[in-house]
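Novice: Full structure from sequences and hints, please.
Under full-length UniProt numbering, the residues of the sequence shown are numbered 1 to 71, in order.
It is worth saying that the hints were derived from the structure and are not from the lab.
Just so you know, nobody snuck in bad clues.
The list that follows gives simulated cross-link-like pairs (lysine to any residue, SDA-like), each with its CA atoms no further than 20 Å apart: (1) LYS48 x VAL15; (2) LYS21 x ILE31; (3) LYS34 x GLU47; (4) LYS21 x PRO3; (5) LYS48 x THR30; (6) LYS48 x PHE13; (7) LYS38 x LYS48; (8) LYS34 x ALA2.
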Amino acid sequence: YAPILGRICMDQFMVDVSHIKEAAIGDTVTIFGKDGEKNIPVEEIAEKSHSFNYEFVCSITNRVPRKYLGE
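Specialist: Structure (structure tokens):
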């Protein structure tokens, strides 16, 4: 995990990846969902943001690109 730095502004935010040696500009970032063998449940992210899972998902505007993966 990488902690958020500062405040979220519109659809943008920064994270501290200084502890992730392999991190590079252009890397894919997974906010929630499955990434390889790891899974970040939306419920976990909602809890950290003091909201409900559906509230968190619905608050992501259409300006944020989505990538839907098959089963």
